[in-house]
Each structure stands twice: as structure tokens, then as C-alpha cells.
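Participant: Since the structure of chain A is already known, use the hints to place chain B on it.
Residues per chain, in single letters:
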Amino acid sequence: MKLTLSPSPHIHSGNSMTKVMWTVVIAMLPALLVSVYYFGLGAIKVTAVAVAASVFFEWAITKYLLQKDNTIMDGSAIITGMLLAFNLPSNLPISIIIIGALVAIGIGKMSFGGLGNNPFNPALVGRVFLLISFPVHMTSWPVPEVMNFAIDATTGATPLGVMGEGLRNGETVSQIMDKLPTLLDMATGAIGGSLGEVSAIALILGGLYMLWKKVITWHIPVSMLLSAAVLSGILNLVNPDIYAGPGFHLLTGGMLLGAIFMATDMVTSPMTPKGQIFFGVGIGLLTIIIRTWGAYPEGVSFAILLMNGWTPLINRYMKPKRFGK
Amino acid sequence: MSLKTFPKGGVHPEENKLSANAAIEIIEPQEKGLYAIPVSQHIGAPAKVVVKKNDVVKVGTLLAQSGGFVSANIHSSVSGKVKKIDVVTDSSGYKREAVIIQADGEDAWEESIVRSEELISEITASADEIKKKVSEFGIVGLGGATFPAHVKLAVPDGEKAEYLMINGVECEPYLTSDHRMMLEKGEEIMVGIRILMKALGVSKAMIGIENNKPDAIANMEKIASKYEGISVHPLKVQYPQGGEKQLIAALIGREVPSGKLPIHVGCVVQNVGTAFAVYEAIQKNKPMLERVVTLTGKSVANPGNYMVRMGTPIEQLVAKSGGLPEDTGKIISGGPMMGKAIASTEVPVTKGTSGVLIMKQDESKRGEMNPCIRCAKCVSVCPAGLEPFLLMTLGEKRLWERAEQEDTMDCIECGSCSFVCPSDRPLLDYIRLDKSKVIENRRKNSSK
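So the sequences go chain by chain: A and B.
The first sequence finishes on residue 362 if you use our numbering, and the numbering steps up by one all the way, no holes.
The second sequence finishes on residue 1079 if you use our numbering, and the numbering steps up by one all the way, no holes.
Bear in mind the hints are in silico, worked out from the structure with no lab data behind them.
Any given hint might turn out to be false.
With a straight-line cut-off of 30 Å between C-alpha atoms, the simulated DSS-like cross-links for lysine-lysine are [said to hold, decoys possible]:
1) K362(A) x K891(B)
2) K689(B) x K915(B)
3) K251(A) x K639(B)
4) K39(A) x K929(B)
5) K763(B) x K356(A)
6) K867(B) x K311(A)
7) K951(B) x K714(B)
8) K763(B) x K712(B)
9) K1075(B) x K1028(B)
10) K250(A) x K929(B)
11) K867(B) x K362(A)
12) K867(B) x K358(A)
13) K635(B) x K251(A)
14) K991(B) x K39(A)
15) K712(B) x K250(A)
Derived DEER-like restraints, expressed as beta-carbon distance ranges [unchecked claim]:
16) L350(A) x E1071(B): 28 to 34 Å
17) I131(A) x S633(B): 30 to 36 Å
18) L248(A) x K867(B): 21 to 27 Å
19) W347(A) x A676(B): 48 to 54 Å
20) G998(B) x S148(A): 26 to 32 Å
21) K311(A) x K867(B): 30 to 36 Å
22) N206(A) x G998(B): 56 to 62 Å
The beta carbon of each residue, even a glycine, is placed where N, CA and C say it ideally should be.
Only chain A is shown next, with the shape it has when bound in the complex (with noise of 0.2 Å):
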């Protein structure tokens, strides 16, 4: 008889990371659904494209360059390209998507030393490379048209672009408030935008989902959405004619993709709830900093890459409580 002679403990909870991805892409599906649903075939040409783009690029620097075992089961790779995806616009041309995942797997991941090791979100590094390389593409956005299978979808300006470029030309924000879908289509999903951050309904079911697998916690979407929504109505209050107010910005932009699934990454987040409240905040203060007075319409993409930057020292710093200290 064989006996095993291992260490304590010698019973394991049956987490698994498998079980954490899994969860995660089970999560984004109700809002890539609702991309198909208002983004038709652009939509699952960018997501297809983006996820086995990301897959081959994985298991290609794994083989041929680092020459170590292959890693593409454990699904990261995959939510890479997922979210990648849901962060371009439907009509992106498939050759800049393409590079869009070489540079977040290659340059966002696994320069790092692969999962695990990366300080930045590798969605977000591909999606801001891309917007800084194909400004035009990466900001032309298709108007949702309910099951749009044509290839040709017209296009026009986001709700953040509609009021980034009013607020320039001298409007009040409730002239353009009035001039944009509802507070009600844009939770739905029935405005332009990236596929992921169109629909907050769909958005938010994925994050209860993760919520109560216990693959998120509350911290960092509740810190993140909160002081945004501080911040903002602190200036909608100060002054209502030139600061939208805390409704329009949650619900516009990647504020809620960001807040959901990608602020929330584990590998660049921090360890501790106090840490993760600190990042959480410091993401929703940016996104309204970089709206409000930024070139970009669009805040959340670099606050999360800028606060990742300080995931390490916040680790460094915000430890947790040690009993009897």
C-alpha cells in the first residue's frame, strides 16, 4: 500500500482558478448578449476576432518565445479578450483588433512574466494603445440598431462625446441632456458606446453574479462608483450649466464595465479592503477629473491603469490588521 506523506492541511476548499474564470466569462454574458442584441454582426466579429486573437497570441509567446508550457487552459487569455472586446467599438477593422491583442497579451501580460505578474490591466493597456495609435477608429462609434446584421452600421457620437462636444460649444448640460437618449435607454443599452458599456442592467447582473460566487468583493465597484458619484455632484451642484451630474456620469462610458470587471481585476488590485477602497476611490475621482477638465471624453481607461500603478504601494502600505498588534 502507497502511502502520502505530505504536509498540513490535507484538505483543499475545491477553489480553483479554472472556477474563478469561468465565473468571470459567465458573468460578461448577459452583456455580450446585449452587444449582439443592438451591435449585430460588428459585435461578434470584434469579440471572436479579440478572444482568438488573444488565445493564439498567448500560446505562441509561451511556445516559441518563453518555450514554457503551454497556459491557455486556464482561461485568462480568454477574458483578456473578452474584455478587450467589450471595450472597442463594433466596426473596428479586424487588423486593428488583431493588434489590439498582441499588444495587451504581449505587452500587457506577458512581458510581465505571464498571469499573474502583469502591473497593468492588459485589456485596458491594448484598448488605450489603440486609442492613442487609431484615434479616428477607436472613436467612431455605431449607432445600436436592434439586430444589425449589415457589415456597414452608421455611426455617430457617444453620450460622453455628445456632451464633451456641447459643453465645448458653450451649452448647458440640460440642453444636452435633452439632446440624448434617456437616463432609462442608456441602462438598457439602447445608446452608442463600446460593445461591453452600453447596457448598465446587463452589466450590473454579471457583477451580482460574481458578487455572490465570491470571485469579487463590494469594495472597489462601491468605492470607484461612489466617489465618482461624489465628485460629480459636488460640481453639478456648484455649478448644474457646465458639470453633468452623478446619473449621467455612472451611467455613461465604461464607467460601469470599469467599475464591474475591469477595475476589479485581482492580479492588479490591491490585497486588502482598505487598500481596495483607496484604489476603488482614487479610480472614481480620476474618471471625473479626466471627463470634466482632459482632452478625452472618456476617464476610466487611464484612472484604472493609473491606479493600478499604485496597487504596489498601496500593498506596501495598507496591510491588513494583525491580531494582537
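Facilitator: Same frame as chain A, now just chain B:
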């Protein structure tokens, strides 16, 4: 109603209390059986052998003398002849010195030991006499750590004992020996608690019991109601509720400072089994020579709880429970979270053997390790407030000083971190490595 519990962390593994309803069965010493009594069954210096080959011994005869203050006496648990003084592999996996006794089947006890089962409730011994007897009769903690009890009773100058905490928690999955003791020997345990209270000069005793043992809670509450100052507290079912520091924090909200002992916050903690042994020592002059051991496992035919003499090979318990199953992959001395895997069933039962857990082949292997995904589950479950992922990385990089700064010495080795890690990382293995290196460095530095 929310139950008391410790301030942070912890996990809730499957309880698997398969033997909870199995009444304690006595395993008698076997004629001609060989009983290996190790001289180190406790924390501290090994005891020094005082008998020699061919000496005739009775049950209760002193075999080895305590080797220092933090040490304990070792007594014979069977009557017979000393066959030899040899080394045997005990549950630690190391070869240790032991007195090997060939039992004569007579089961003859030392005359001084009171053999009747009658409950002696009245405590006539003084506090000093109690402490002397606890030391003389080799009483050590039966919770698994085997800390010499007389050391805990010797309150250092400058400290004062305010509470006696009685640990009836038994938070490890599978183990049920304390549970059965509270159900079947509750009266005796209560006398033991009163004896300990007298020895410490305290008027308050708190018994902590995890809420998955409602019958034990009810029984102990019934018995405690007869006495002043003894209260029973059901606690949340959360591992490691039975850890000394966690128990104190749960019961009275005081956190024992890092590096200090419970007496620093006015507490002395003893296991219920130890309280029973104290009762037998003071009232019946009986040394510590037998204990209840749970034999359990999903593949075991009849999981049970056995009152067994020290030195009995575990093989006898296995046989009583239906034999070693064919598909056994691991045999653990202790519980699944902190117990030690042993290499054979010849290992003798000692004062620290709280249970024997048989695991099937498919339960016995760890998963393959993956990179850390920084999910922070290990941080959220650590009851000591440490960062296991960091301590492992520091161990991999051999940065022992930094590990010491990150409070690796506060780790109670409960295993919650490794239990919960989705990447199957051997967190506790590296923390143990860090601790051993820190101790080594401290020793080197102090000898300079």
C-alpha cells in the same frame, strides 16, 4: 442571534463528524502486546528514562523523569516487563527514544491509584498540592499541542490569572473525542474545571463549544448550572475557533499580543480532555496514561472513539473500526487541517494523538501548483492577519529578515491559507520554512 467568534479570517471546511454518535469504547491492553512509550510526548525537553531492561512495571509506574521545567513525566500505561529501551518512529515521523514494554495481560495498577469509577466531587487538595500533582502525574494538554499543564498553572510574577478558558471547541473536521468526553464524562470534566480554578485562584471559568455540538452544549450547561462562575458559550462553527488565541478573542474580546502568552491577558486555556485528566490526577492519583482517540474517515467501516492506553499501536484502533480500507492513500495523526501524515500503523498512540484519519487515494494528493493570481483569498482567511502570498514569495526568494518583518512568526499554522488558495499554492509549507529560518537566525545571532 449571532454567535461569538474570533475577529477575522477562518474557513469552514466540511465538518464530516462521522463518529459523533459513537460512544467511547475501551480498548484493553493485549496480553503479550508490545507497547512503545516514547519519552517525548510533550512540548519541551524529552523525559529521562529511569527504568532499565527487565524491570517489572505496573500501570502508573514512572518510566521517565521530566527533563526540565518545560517537560513532563512519562508513566507506564500497561503492566509487564521492560523489554528494551529503543528508538521508534512516532507520529512526528522522526525516530524517538521509547521504553518498550511487553504487557503481561494482568493489567496490574500501582496501589496508590484509585480504580473505582465513582465520581469524587469534593476537592480537598490545596492549590499547591494540585500544581504538584499535575506536574507529578505528567499532565499535558490533550488538545493536540501537548503543552505541559503545570507550566500553564505556574503564573509568572507580574501576571495575574483572571479567567480559566475551557476549550471544548474541537474545530478540526472529523475529530469527535472532545465531543464524546463532554457527553459521557461531563461531571468529571466539571470537577476538573473546579480543580483548575482552585489551582489558579480564579472565580470565572468559560467553556467554549462550537455550535455543531448542541447536545454537548446542553449537557455542559446543565452541569455548569450547579456551580458559581462557570459558564458555557456556544461559538460560531468556524475553523480555527479552537486556536487558543482565537478562543480568548471570541470569548472575551481580548487579543493576546504577538509573541506573548494568554496569561498576559489574564487567561489560562485548557482542553476539556485535559480537565478530565486533571480530575483523575487529583482525585484518583492517576497519571496521564490513556486518552480518547477518534478513528475516522469516509472509507472506514465503523468510525469510532476509543479510550486507549498510550503506547498502543494505531493498528489496534484501525482493526477495531473494521480494518484498513483497500483504497487508503493517507493516514493522518490528528485532524485534516493540522494533523501529520504517518507512514505506518505501527506508530504508537501518544498524549498528542487526538484522532486518526484515513483518507482514500483520491483524497490524498494535492492539486498542481499554479501562479498566484493575487485573488487575496489567503489574506482574507488568515486569522493572524498575515499575508500568506507574500510570505511564500519571500520564502521562495530566501528573504528571511523581510519575512520576519512581515510577522511570519505570528503564524499559528492553521492551514486556512493553503486550504483556500485557488492556485493550489503550498503557502503554509513556505511559511513554515520562513519560520524555521527565522528561528535559526535568531539562534545564531544570540550566540554571537
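Participant: Decide, hint by hint, whether the structure agrees.
Facilitator: Taking the hints in turn, this is what the structure says about them:
Under the criterion of a C-alpha separation no larger than 30 Å, the hint pairing K362(A) with K891(B) is consistent with the structure, at around 11 Å. Between K689(B) and K915(B), the direct Cα distance comes to roughly 16 Å. Compliance with the 30 Å bound is thereby established for this hinted pair. A distance of roughly 17 Å separates the Cα atoms of K251(A) and K639(B); the hinted pair therefore holds under the 30 Å criterion. Distance hint between K39(A) and K929(B) is fulfilled; the C-alpha atoms sit about 18 Å from each other, no more than 30 Å.
Pair hint K763(B) plus K356(A) does not hold up; C-alpha atoms about 46 Å apart against a cutoff of 30 Å. Between K867(B) and K311(A), the direct Cα distance comes to roughly 25 Å. Compliance with the 30 Å bound is thereby established for this hinted pair. For the suggested pair K951(B) and K714(B), the alpha carbons sit about 26 Å apart, so the restraint of at most 30 Å is met. Proximity of K763(B) to K712(B) is assessed by CA-CA distance (about 28 Å); at most 30 Å being required, the pair is judged to hold.
For the proposed pair K1075(B) and K1028(B), the alpha carbon gap of about 21 Å is at most 30 Å, so the pair holds. For the hint linking K250(A) to K929(B), the alpha-carbon distance of about 28 Å falls within 30 Å, and the restraint holds. For the hint pairing K867(B) with K362(A), the CA-to-CA distance comes to about 24 Å; that is within 30 Å, so the pair holds. Simply put, K867(B) and K358(A) have alpha-carbon atoms about 21 Å apart, close enough for the 30 Å limit, and the pair holds.
For the hint pairing K635(B) with K251(A), the CA-to-CA distance comes to about 24 Å; that is within 30 Å, so the pair holds. For the hint linking K991(B) to K39(A), the alpha-carbon distance of about 11 Å falls within 30 Å, and the restraint holds. Proposed proximity of K712(B) and K250(A) is contradicted: the alpha carbons are some 62 Å apart, above 30 Å. For the pair L350(A) and E1071(B), the supplied restraint of 28 to 34 Å holds, since their beta-carbon distance comes to about 32 Å.
Between I131(A) and S633(B) the CB atoms are about 56 Å apart, so this pair departs from the stated range of 30 to 36 Å. Checked against the hint of 21 to 27 Å, the pair L248(A) and K867(B) passes, with Cβ atoms roughly 22 Å apart. A hinted range of 48 to 54 Å holds for the C-beta pair W347(A) and A676(B), which are about 51 Å apart. A hinted range of 26 to 32 Å holds for the C-beta pair G998(B) and S148(A), which are about 28 Å apart.
Checking the proposed 30 to 36 Å range against K311(A) and K867(B) shows it is violated: the Cβ atoms sit about 24 Å from each other. At about 60 Å, the beta-carbon gap between N206(A) and G998(B) stays in the expected band of 56 to 62 Å.
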